Amino acid sequence: MVQSTDLSQGRRAAATAPVAAVETFTGNRGLQLEERLIFEYAHADRSGVDLPEPPKVKDRLGGLRRRGAIGLPGLAEPQVVQHYTRLSQKNYAIDSGLYPLGSCTMKHNPRLNERMARLPGFGDVHPLQPQSTVQGAIELIGALAGWLTTLTGMPAVAMSPAAGAHGEMCGMMAIAAALAASGEGHRKTVLVPESAHGTNPATAAALGFSVKPIAATADGRVDVAALKAALGSDVAAIMLTNPNTCGLFERDIREVADAVRAAGAYFYCDGANYNAIVGRVRPGDLGIDCMHINLHKTFSTPHGGGGPGSGPVVLSARLAPYAPRPWVVRDDAGWRLAEEDGAAGDDQALGRLKAFHGQMGMFVRALAYMLSHGADGLRQVAEDAVLNANYVMARLKAELTPAFDGPCMHECLFDDDFLKDTGISTLDFAKAMIDEGYHPMTMYFPLVVHGAMLIEPTETQSKHALDEFCDTMLHLARKAKSGTAAEAFKAAPLLAPRRRLDETLAARKPILRWRPTNQGPGDGPLKQAAE
Amino acid sequence: MRYLPLTDADRREMLATIGVRSIDDLFRDVPTSVRLPGPIAGLSSHMGEMEVERRLGRMAARNLAASDAPFFVGAGAYKHHVPASVDHLIQRGEFLTSYTPYQPEITQGTLQYLFEFQTQVTMLTGMEVANASMYDGSTGASEAVLMANRVTRRNKAVLSGGLHPHYRAVIETTARWQGFRVAGAPVDADGIEDLAALVDKEVSCVVVQNPSVFGHVRDLAPLAQACHAAGALLVVVVTEVVSLGLLTPPGDMGADIVVCEGQSLGVGLNFGGPYVGLFATREKLMRQMPGRLVGETVDADGKRGFVLTLSTREQHIRREKATSNICTNAGLCALAFTIHLTLLGERGFTRLAELNHATAVRAAERLARVPGVKVLNDSFFNEFTVMLPKPAAPVVEALAERRILAGVPVSRLLPHAPLCADLLLVAVTETVSDDDIEALAAGLEEVL
Numbered sequence: 000m001v002q003s004t005d006l007s008q009g010r011r012a013a014a015t016a017p018v019a020a021v022e023t024f025t026g027n028r029g030l031q032l033e034e035r036l037i038f039e040y041a042h043a044d045r046s047g048v049d050l051p052e053p054p055k056v057k058d059r060l061g062g063l064r065r066r067g068a069i070g071l072p073g074l075a076e077p078q079v080v081q082h083y084t085r086l087s088q089k090n091y092a093i094d095s096g097l098y099p100l101g102s103c104t105m106k107h108n109p110r111l112n113e114r115m116a117r118l119p120g121f122g123d124v125h126p127l128q129p130q131s132t133v134q135g136a137i138e139l140i141g142a143l144a145g146w147l148t149t150l151t152g153m154p155a156v157a158m159s160p161a162a163g164a165h166g167e168m169c170g171m172m173a174i175a176a177a178l179a180a181s182g183e184g185h186r187k188t189v190l191v192p193e194s195a196h197g198t199n200p201a202t203a204a205a206l207g208f209s210v211k212p213i214a215a216t217a218d219g220r221v222d223v224a225a226l227k228a229a230l231g232s233d234v235a236a237i238m239l240t241n242p243n244t245c246g247l248f249e250r251d252i253r254e255v256a257d258a259v260r261a262a263g264a265y266f267y268c269d270g271a272n273y274n275a276i277v278g279r280v281r282p283g284d285l286g287i288d289c290m291h292i293n294l295h296k297t298f299s300t301p302h303g304g305g306g307p308g309s310g311p312v313v314l315s316a317r318l319a320p321y322a323p324r325p326w327v328v329r330d331d332a333g334w335r336l337a338e339e340d341g342a343a344g345d346d347q348a349l350g351r352l353k354a355f356h357g358q359m360g361m362f363v364r365a366l367a368y369m370l371s372h373g374a375d376g377l378r379q380v381a382e383d384a385v386l387n388a389n390y391v392m393a394r395l396k397a398e399l400t401p402a403f404d405g406p407c408m409h410e411c412l413f414d415d416d417f418l419k420d421t422g423i424s425t426l427d428f429a430k431a432m433i434d435e436g437y438h439p440m441t442m443y444f445p446l447v448v449h450g451a452m453l454i455e456p457t458e459t460q461s462k463h464a465l466d467e468f469c470d471t472m473l474h475l476a477r478k479a480k481s482g483t484a485a486e487a488f489k490a491a492p493l494l495a496p497r498r499r500l501d502e503t504l505a506a507r508k509p510i511l512r513w514r515p516t517n518q519g520p521g522d523g524p525l526k527q528a529a530e
Numbered sequence: 000m001r002y003l004p005l006t007d008a009d010r011r012e013m014l015a016t017i018g019v020r021s022i023d024d025l026f027r028d029v030p031t032s033v034r035l036p037g038p039i040a041g042l043s044s045h046m047g048e049m050e051v052e053r054r055l056g057r058m059a060a061r062n063l064a065a066s067d068a069p070f071f072v073g074a075g076a077y078k079h080h081v082p083a084s085v086d087h088l089i090q091r092g093e094f095l096t097s098y099t100p101y102q103p104e105i106t107q108g109t110l111q112y113l114f115e116f117q118t119q120v121t122m123l124t125g126m127e128v129a130n131a132s133m134y135d136g137s138t139g140a141s142e143a144v145l146m147a148n149r150v151t152r153r154n155k156a157v158l159s160g161g162l163h164p165h166y167r168a169v170i171e172t173t174a175r176w177q178g179f180r181v182a183g184a185p186v187d188a189d190g191i192e193d194l195a196a197l198v199d200k201e202v203s204c205v206v207v208q209n210p211s212v213f214g215h216v217r218d219l220a221p222l223a224q225a226c227h228a229a230g231a232l233l234v235v236v237v238t239e240v241v242s243l244g245l246l247t248p249p250g251d252m253g254a255d256i257v258v259c260e261g262q263s264l265g266v267g268l269n270f271g272g273p274y275v276g277l278f279a280t281r282e283k284l285m286r287q288m289p290g291r292l293v294g295e296t297v298d299a300d301g302k303r304g305f306v307l308t309l310s311t312r313e314q315h316i317r318r319e320k321a322t323s324n325i326c327t328n329a330g331l332c333a334l335a336f337t338i339h340l341t342l343l344g345e346r347g348f349t350r351l352a353e354l355n356h357a358t359a360v361r362a363a364e365r366l367a368r369v370p371g372v373k374v375l376n377d378s379f380f381n382e383f384t385v386m387l388p389k390p391a392a393p394v395v396e397a398l399a400e401r402r403i404l405a406g407v408p409v410s411r412l413l414p415h416a417p418l419c420a421d422l423l424l425v426a427v428t429e430t431v432s433d434d435d436i437e438a439l440a441a442g443l444e445e446v447l
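First to last, the protein sequences are chains A and B. Those letters in the first sequence? Residues 0 to 530, per numbering that gives the first Met the number 0, in order. Those letters in the second sequence? Residues 0 to 447, per numbering that gives the first Met the number 0, in order.
Everything labelled a hint here was simulated from the structure, so no lab data went into it. Note that the structure is a prediction, hence the values are computed from the model and not measured. Where is the CB? At the ideal position from N, CA and C, for every residue including glycine. A few of these clues could be false.
What the simulated footprint calls covered on chain B by chain A, stretch by stretch (three residues with Cβ under 8 Å from a Cβ of chain A suffice, anywhere in the stretch; the number is not a length) [stated by the list, open to error]: (1) 24-33; (2) 49-55; (3) 160-169.
Okay, chain A solo, but in the shape it has when bound:
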């Protein structure tokens, strides 16, 4: 069912020279514009902001007035706008098209959410204003907390973690606190399946736990027998992602939860993939103790080039007393932030994780998203996400090799078996996708699958977009297997703003900042690297 990509309505153009061979005077390629660093066309006398003359006063800087210039570049507003506009055009984004980065959930970011976050009553209020002047803002945190606990079927939620990894830290600290409180502080082992996100073992290790990996079974799930065998009196917790990073639901999760609890340990669920089950399954019904929720994944707050995120953590009744401060309270007087320990017996909180009250701007966006979808729409979100991933898997398995049999959840996983003996790697395949106009899928993760390709289309892609993507992937796979294309794959991408970048050079001779001695584009870094 390969569709024609000719949308010219039958008109024919005369043949011209191949695109890649065209050289231009500027280095620009049509709308693709080369752009210098701000430091390279600045002038100290320029500014893009007009400010009034400061009133004359006798300064009170304690003799610490700065001597010498900072060195900041000066540009007028039009230059600044052009600079960042040109930079933006070098980025692939969800707004540009399908962004199948598995585990990252690159779904459409509604602009209504941006508008709501910029309402002065949310965007222009200070975290330390008198609480009487921010009742609606505290109410919003409370409302979002209500949605999160209801959707997950968990009794409590900690709102302050700034991102998923920060949420993991919060949840694992709560577990450490609960263990210490019950005299079980000697439990120092955390079980982590081999397929886990890198943040899981990093978090556990940071908190002084020793990490014990648990193998996966041949069907891509945690080995329950191995897990049970490892559940000794030294085990503090298990950190399990569900659906897991292979895109599969852990069928035996109830059994795992029962075993963990019976062994006196806690169950940390990594909620990075909660978008696959939101509205259809309540994690609380699975027997978990806590789970972070990446608002920037499941609830579509924008990824912003790598943050800001937000990672609220839902908690079971036995962990709820150890939530970090502050939390939101509603009483007769109205909404209130419980910021500091007060009454006796109220001192089990694990402490403060972050200045102020959490990622408010992300809370507003997430709540706008939830209200837009409603409980019914969120259920549809999970269904369409799962349907899209299974559709892509069904179509691609004609040429690619799925890592596991059976249906997947929100993302489908392939290994590199179909590239065997072609001389082409997963990386080469991904780079060829770039020339075809796609952001590559997640590569080489999870680690349990060789040359892994993890594809997450999300629910916000149309069938048409999925078909175009699948046609492209099938074409590339056939080309790879043709036996004549290895060099072409190795050379890709040819048409992106940059070809493959020398990461070894970057790491061996790190240049992490511009210096006045740097030359213009091209010769500067080479010269520096040779120093």
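We have chain A already, so just place chain B on it with the hints.
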């Protein structure tokens, strides 16, 4: 639903291609006992844009926005004017809806602005290298202590009594659960503490804020010398980054790690987040830094380009041996920061700092003339501490009823420090007018 492109016909066709009869067949790995038969009870159904705007608009309207009142609230978050082009540019979809630049060939936009951001941060702080941002200043401060512990192989941090109490609390939480010791100096409202006396051979770092949370500006060079003599690092925290337009940068005073809250530039107040942490250090400590780093390199054609680098420090490579568990940072806030700073440039940024200081000096002089009010600071940048003749919290409430947001009562940050109950932190930025200062002074005269 407006965000879901699949039609029912699409869904039927796709199920047929997959070879299953219904969507439930795709959820067959989920135990039947936990599958919900319909939408979760107790939550509303889907809404159109108008209805969502109405709902959230009602909540927003119950808050007093900073721009709608004479505004003097600071203590770690500051109201500054953000040029219109900043918000316009960060909302370009290519920035807003991309992710961590894992594929450098098609994310040079993000990588280049982060490289420029890192450079600007080194210039402001007087340091040699900076990372691509942290969640915020407070978590950055906690990461700085962890880094100092790694570098010195010691595990005791000395915290200044002028450090923002929330920052101190975040470091203490980290200390408690990640296993290092904290020696906290007594609250230093007067700016006279001598931290050098607390530095011994067990100390990995001293964490000091400049200007302090009470506003005092200190020469940290002697403290840096004391730290270095004992083999400890000096960590300098700056919660008001605009101050670096006018003050000697921490790097020039001997800081080893500098952490700033960058919220003042580009980001806005946002009721406390998201903000952006700046993190800078010496080149020799580069490989012990947390967070993402962007470096310059060349592509296969020899053209300059940028990549994420030194990632062997990070969790996705090193797992349990990583320097930090951090994955996401504050990319979009870093973009807002760097655009605002680029717009300002050397000239605009230093003038902005001058304007903040001069306005604050005028405010301090006016408030000092209010009967019963005493300004505690000799030195300050754009925030200072005043002592009132009675507890500050009810005074702030009374002024809020008059629609004046007078500042942060120290008791909000330190509820268990009775000696601080009468202290009020007053922040004065370029957004404060002469009329605002007069309104605050008159308001205080009325309620005191």
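Right, here's what the structure says about each hint:
Residues of the stretch 24-33 of chain B lying with their CB closer than 8 Å to a CB of chain A number 9, which satisfies the three-residue condition for coverage. Requiring three or more residues with a Cβ within less than 8 Å of a Cβ of chain A, the coverage given for the stretch 49-55 of chain B holds, as 5 such residues are present. With 5 residues carrying a beta carbon less than 8 Å from a beta carbon of chain A, the stretch 160-169 of chain B meets the three-residue requirement, and the given coverage holds.
Taken one by one, the earlier hints all hold for this structure without exception.
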